[in-house]
Amino acid sequence: MFLQFFAEKLFTINIVQSPLMGGFSLVPLLGVLCMGVFFLIFFIFDDSVEFFKKDVKIIFLGIVLLLWLPFSVGFIWTNALNAIKHLAGGTVDVRWQSLMCEIDSNQRLQGLLCSIAATEQAVRKEVSKGVSYCLLANPTAQLYMNYEFYGYYRQEDCAKADYAFVSKSDKKIGTRADHLLIYDSSGQPTDIGRFEITVVDEKLGSFILKRK
Amino acid sequence: MGALPLLLIAVALGWPLAGVLFKERSQPEKLALAWLLGAFVITWQLFIFLFWLKAGTFWWFNLIFLAEAIILWLFLKAKINWRDFRAASGAKPGLLDKILLCILALVIMLSFVNACGRGNIGWDSLNIWSIKAKQIYYSGRVIFDSNNPASWQSRAYLQYPWHGSLLYVWGNELNGSYSDAVNNVINWFYYVSIIILVYGFLAIRIDRRGAAAFTLMLASAPIFYFHSFNSYSDLMLGCYAALALIFLWRAWLGSKYAFIGLSMSLVAAYTTKNEGIFALLAASFFLLVFLTRQKKWRQLAWFVGLTGLLLAPWQIFRMVNHLGIANSTAVTAWHWDAIYQFWRTFWLNASFNIFAWVVLAVLAFAAIKIYADKKLLVAWVYVALLFSAFLYVYISTTSYQDAVYDTTISRNLITIFPALVIVTALSWQKISKK
Chain A
12 MFLQFFAEKL FTINIVQSPL MGGFSLVPLL GVLCMGVFFL IFFIFDDSVE FFKKDVKIIF
72 LGIVLLLWLP FSVGFIWTNA LNAIKHLAGG TVDVRWQSLM CEIDSNQRLQ GLLCSIAATE
132 QAVRKEVSKG VSYCLLANPT AQLYMNYEFY GYYRQEDCAK ADYAFVSKSD KKIGTRADHL
192 LIYDSSGQPT DIGRFEITVV DEKLGSFILK RK
Chain B
256 MGALPLLLIA VALGWPLAGV LFKERSQPEK LALAWLLGAF VITWQLFIFL FWLKAGTFWW
316 FNLIFLAEAI ILWLFLKAKI NWRDFRAASG AKPGLLDKIL LCILALVIML SFVNACGRGN
376 IGWDSLNIWS IKAKQIYYSG RVIFDSNNPA SWQSRAYLQY PWHGSLLYVW GNELNGSYSD
436 AVNNVINWFY YVSIIILVYG FLAIRIDRRG AAAFTLMLAS APIFYFHSFN SYSDLMLGCY
496 AALALIFLWR AWLGSKYAFI GLSMSLVAAY TTKNEGIFAL LAASFFLLVF LTRQKKWRQL
556 AWFVGLTGLL LAPWQIFRMV NHLGIANSTA VTAWHWDAIY QFWRTFWLNA SFNIFAWVVL
616 AVLAFAAIKI YADKKLLVAW VYVALLFSAF LYVYISTTSY QDAVYDTTIS RNLITIFPAL
676 VIVTALSWQK ISKK
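Protein chains in written order, with the working numbering: chain A, 12 to 223; chain B, 256 to 689.
What the hints contain is simulated information worked out from the structure, not anything from laboratory work. The beta carbon of each residue, even a glycine, is placed where N, CA and C say it ideally should be. Hints should not be assumed to be uniformly reliable.
Cβ-Cβ distance ranges computed for the label pairs, FRET-style [claimed, not checked]:
id : chain 1 : residue 1 : chain 2 : residue 2 : range
1  : A       : I69       : B       : Y595      : 29 to 37 Å
2  : A       : I69       : B       : W557      : 39 to 47 Å
3  : A       : L77       : B       : A622      : 41 to 49 Å
4  : B       : A622      : A       : W88       : 31 to 39 Å
5  : B       : L603      : A       : D66       : 14 to 22 Å
6  : A       : G47       : B       : I354      : 54 to 62 Å
7  : A       : D189      : B       : W598      : 54 to 62 Å
8  : A       : D66       : B       : V559      : 15 to 23 Å
Okay, derived cross-link-like pairs now, DMTMM-like style, lysine to aspartate or glutamate, Cα gap no bigger than 25 Å in a straight line [to be verified]:
id : chain 1 : residue 1 : chain 2 : residue 2
9  : B       : K624      : A       : D66
10 : B       : K309      : B       : E323
11 : B       : K353      : A       : D66
12 : B       : K334      : B       : D352
13 : B       : K347      : A       : D66
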C-alpha cells in the first residue's frame, strides 16, 4: 500500500514529462528535509554524541538513501509488475499498452501514436501465433504500421483473415448487418464475411473485429 | 535474446580497444567499454556502407566486422584476464555494500523485464529513432528517392544523427526479424554499461560503499531507469558524455592513449544526438588546453586528426545535404522563464528523485575542497558547461516552448546525469568536519 501510494500518486505522474497530468510532488519537501537534517548533524551536534562520531559523509549518504529508496523502488516495482503481468499473460492486452502510453504522453498526437504502436505490437504477436489479420487502417496508422505488413495484408487477404483491424473513418469500409464490406476504387463492395467487434480503440479511432 | 549477436559482434570489435584504453581496469569495465566503442565502430561503418556507398543491408557486413575484430585482436595482442573490480581500499565488500549491490542488480533485472515486455511506445522512440530503423530494415537499404514514402527524407527530423537507428537496424538484421524488444534491449545494454563504468570509476577513487550508493542512485533515478528500456537516444548520449569525462580524467592522470577513447566517445556522442556537440566542444577544449600546457604535441595532433577523420562521414553528409544542426530556430526575445522550468524539472519534479538536492548539499559542504582540486573543478566545469548549453538553447530559441510544456528538459538532463553523478560522488568524498 505504502509503496503503491508513492509510486502511483507521485512518481508515475512526474516521470511523464507532462504538466498537463500535473500533480503534487514530495521531492522539494524531501530535498529540503535531506539538506536540513544533514545541516543539523553537521553544525549542531558535536562529537560528544556517539553516533555522530562516525564519518559525516557516511551519515549523509544514509539519509539520502533512506529518502531515495522508497520512491525509486516503488516506482520501479510498480513499473516492472505491469511488465511481468504482461509477459506472464502470454497475450497482449492492448488496453494495458495504451495505458502505458497514457503515462508517457502529454499530447493527443502522442497518445494516438502510442495507440498505433500498441495495436501494432498486439497484431504482430497474434500473427506470430498463426492468427491472420486484415489490416484496413486509416492513413495515419498505415504510415506507421505498413512497414511491418508490407505486402502480405492486402485487401484480397481479408476474405480469409481471422481478424480485421479497421478505422472508423475509413471510407473504403462499410457494414451490412454484421458483414464487413470493402469498397474498391469504383465503389463496388466486396463482402469479406461476418465479424464481431472485440476491441474498440477510441484514441486511434479503430476497431479490431473477429470473424464469427 | 535477439540483441545478443549484436552485443557479441560489438564486444568482439571493442574488446581489443578496451584492452589498450583500460589496460589496468577490471574485466567488467573492459566489457562495458568494449560495447560502447564497438557499437560506435559498427554504426560508423554502417553509415558509410548505407549512406555513402548506397549498399543494401547485406549479411556479409558481419564478416567484415568479424575480420576487423580478428585483425584488431592480433594487432593489439588482445587477451582476456579475469580481474575483478578493484577498490581503492583493497577491502572486500561489507554486508551493507552487498545489500546495495543486490538492490542494484534487482533494478537492472527489472529493467530487462520491461525492455522485453514493451513495444516502442515513447514519442521520440516511435516517431524518430525506431521508425527510421524500420524504414531501412523493411526496405533493405536506405531509399534516396524522395518520392518514395520510405525514403530517408520522408520523415521529419532529417538533421538527427543515425547512430541509434543504425544500431537498431543491425540488431534486428542479426535477430532475423523486426522486434521492438531488440531496440529496447540495445538501450538496456547502454544502461548496464554506464552503471558498470561509473561503479568501477568510483570504487577506485572513493570507496565501495559510496560507489555502490551513488551508482544505485544513477540506476534508479526514475527517468534514467525509464529510458533504460525505451529506445530513445538520450541515454546513449548520456553514456558517451560520461565516458568522455572518464577519458578526460584518465588523460589528466597521464594515460597515454586516453585521447583515442576521448575522441571516439565524443564523435559517438555527436553521431548519437545533435546535442552531443556540447560535449564534443567542451571536452575537446579541456583536452587541447591540457595537451598544449603539457607540450604533448604528438598526442594533440593525433587527437585532432582522429576526431576529424571520425567526424567526416556524418559531417560531410550533413553539409552536402544542407542539414542544419539546430532542432529549433532563434527567437527575437529571450525567454528567461525557461530558467524556472529547469529549476522545476530538476529540483521540484520527481524525474531525478532528490538527486538535485543531493548535488546542492554536496556543493554547499564541499565547495572549498572542490575549488582546491583542479581536476575535480574542471570536471564540474565540464558538467556545468553542458547544463549551461542546454539552458542557453531553451532561453534563446523556439525550444523554450518545450521547456514550458516540460516535454524535453527532463530528457535533456539525462545527457548530463551520469557525468553529474560522477562529479557529485567525487565531491561527496571530500565532505568532512575537519
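Ascending list of hint numbers which this structure does not respect: 3, 5, 6, 8, 12
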